[in-house]
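Residue numbers (my numbering), protein chains in the order written: chain A, 16 to 239; chain B, 2 to 169.
Because the hints were derived from the structure by calculation, they are not lab data. All figures in this text were calculated on a predicted structure; none of them were measured in a lab. Among the hints, a few may not be true.
Unchecked claim - Okay, the calculated bits of chain A under chain B, using three or more residues with CB under 8 angstroms as the criterion:
#1 177 to 190
#2 197 to 204
Said to hold, decoys possible - Distance condition first, Cα-Cα at most 25 angstroms in a straight line; then the derived DMTMM-like pairs of lysine to aspartate or glutamate:
#3 Lys73/B x Asp147/B
#4 Lys166/A x Asp48/B
#5 Lys166/A x Glu41/A
#6 Lys166/A x Asp90/B
#7 Lys172/A x Glu91/B
#8 Lys152/B x Asp164/A
#9 Lys166/A x Asp74/B
#10 Lys166/A x Glu119/B
#11 Lys162/B x Glu179/A
#12 Lys86/A x Glu80/B
#13 Lys132/B x Asp110/B
#14 Lys73/B x Glu41/A
#15 Lys166/A x Asp84/A
#16 Lys172/A x Asp147/B
#17 Lys162/B x Glu80/B
#18 Lys152/B x Glu41/A
#19 Lys232/A x Glu62/B
#20 Lys162/B x Asp74/B
#21 Lys4/B x Asp48/B
#22 Lys162/B x Asp197/A
#23 Lys162/B x Asp67/B
#24 Lys55/B x Asp38/B
#25 Lys172/A x Asp110/B
#26 Lys172/A x Asp67/B
#27 Lys86/A x Asp71/B
#28 Lys162/B x Glu186/A
#29 Lys172/A x Asp71/B
#30 Lys152/B x Asp114/B
#31 Lys115/B x Asp74/B
#32 Lys135/A x Asp90/B
#33 Lys73/B x Glu179/A
#34 Lys134/A x Glu41/A
#35 Lys172/A x Asp90/B
#36 Lys89/B x Glu179/A
#37 Lys172/A x Glu94/B
#38 Lys162/B x Asp48/B
#39 Lys73/B x Glu186/A
From the three backbone atoms N, C-alpha and C, an ideal C-beta is built for every residue, glycine too.
Each chain, letter by letter, is given below.
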Amino acid sequence: MLNKIYDWVDERLDITPLWRDIADHEVPEHVNPAHHFSAFVYCFGGLTFFVTVIQILSGMFLTMYYVPDIKNAWESIYYLQNEVAFGQIVRGMHHWGASLVIVMMFLHTLRVFFQGAYKKPRELNWIVGVLIFFVMLALGLTGYLLPWDMKALFATKVTITIIESVPFIGEYLKILLAGHSDIVGAQTITRFFAIHVFFLPAALFALMAAHFMMIRKQGISGPL
Amino acid sequence: MSKQRVTRRQFLNYTLTGVGGFMAAGMLMPMVRFAVDPVLQHNAAGDFVVTDKKISDLTNEPVRVDFTFDQKDAWYTSEVTNTAWVYKDENGEVIALSPICKHLGCTVDWNKDKANPEHFYCPCHGGLYTKDGTNVPGTPPAAPLDVYPYKEVDGYLALGKAEPRKEA
Numbered sequence: 016m017l018n019k020i021y022d023w024v025d026e027r028l029d030i031t032p033l034w035r036d037i038a039d040h041e042v043p044e045h046v047n048p049a050h051h052f053s054a055f056v057y058c059f060g061g062l063t064f065f066v067t068v069i070q071i072l073s074g075m076f077l078t079m080y081y082v083p084d085i086k087n088a089w090e091s092i093y094y095l096q097n098e099v100a101f102g103q104i105v106r107g108m109h110h111w112g113a114s115l116v117i118v119m120m121f122l123h124t125l126r127v128f129f130q131g132a133y134k135k136p137r138e139l140n141w142i143v144g145v146l147i148f149f150v151m152l153a154l155g156l157t158g159y160l161l162p163w164d165m166k167a168l169f170a171t172k173v174t175i176t177i178i179e180s181v182p183f184i185g186e187y188l189k190i191l192l193a194g195h196s197d198i199v200g201a202q203t204i205t206r207f208f209a210i211h212v213f214f215l216p217a218a219l220f221a222l223m224a225a226h227f228m229m230i231r232k233q234g235i236s237g238p239l
Numbered sequence: 002m003s004k005q006r007v008t009r010r011q012f013l014n015y016t017l018t019g020v021g022g023f024m025a026a027g028m029l030m031p032m033v034r035f036a037v038d039p040v041l042q043h044n045a046a047g048d049f050v051v052t053d054k055k056i057s058d059l060t061n062e063p064v065r066v067d068f069t070f071d072q073k074d075a076w077y078t079s080e081v082t083n084t085a086w087v088y089k090d091e092n093g094e095v096i097a098l099s100p101i102c103k104h105l106g107c108t109v110d111w112n113k114d115k116a117n118p119e120h121f122y123c124p125c126h127g128g129l130y131t132k133d134g135t136n137v138p139g140t141p142p143a144a145p146l147d148v149y150p151y152k153e154v155d156g157y158l159a160l161g162k163a164e165p166r167k168e169a
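Required output: the full structure, derived from the provided sequences and hints.
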């Protein structure tokens, strides 16, 4: 049945080359842990992507209950975690996954660094990777405020003080981020929510697309 | 034909780029202005809040003065309590210091650290300030504590919005 549907679509739109181009390629022997177990270090990039997918999915579902509002943010999280079936699991995935992304990304970076895989012709991909790293840190930072508990509030106050210390434009950056010149409050949480849920993921998708297209174009770096 | 300085292709390129740019700007300008609105809003500072501390009761020893006021945060109005460390200096002048550490914004306390008596001490990273709020060199803070402007209202202390000082 499924085959027939596929054939019907493929006959009209010729979709086979599309997915072949994405999925159908050989994994070189030196990156295959089945051949050399030490090749597991090549998995960290893929694991980073895997955890990122979990983050995106669990985050999408969390917004079904979460409210970015100083009166209700904490209450809504308390509710989804304690009253909603599997709430603890879904929020747990997002909470722990956030740390795991950083760990996996760090290990991936170490592998690329110590194997010298960033060298010509892959310098651009290293740069894009570093940008992804910054976007991930920013995602962690903006997400940290959203539960609106004491830890979130004071961590954000510290962050905003750090941003304020930027020469010349610090004051403007601070207000742009906090939404108010001296209150971390209603406008801060809505801004952080918008940045966390729309702006940064958009940047992340664009950067990841570039990252992956460059890998496919250049191939994985050769064995040491 | 040879006198033609702009080709048809160039003309179309310029006009289409211009029109496209105009349309993009028309979409983006409202959104950008929307996003930066808080930066451009002027803050009506300068409202003094009367505390329950009589100026005549102040001594040379810094005391903690809490004062409460209605704070307007966009669509929320809430009661906020701020703190000042207040004392009179040798000339009888009132000094009201903000307790917010200039390092990373923790709250400093007077005379709390036994190793450093007669200092404002920040428990987070060990920041120290002398009695007049000057940061002690070699500790994390890079600036002296902010100072509240003050007024006297019927004998009571009224405080404004804390302002940063120049480096001492």
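Structure versus earlier hints, numbers of those that do not hold, lowest first: 4, 5, 6, 7, 8, 10, 14, 18, 19, 21, 24, 30, 31, 32, 35, 36 and 37
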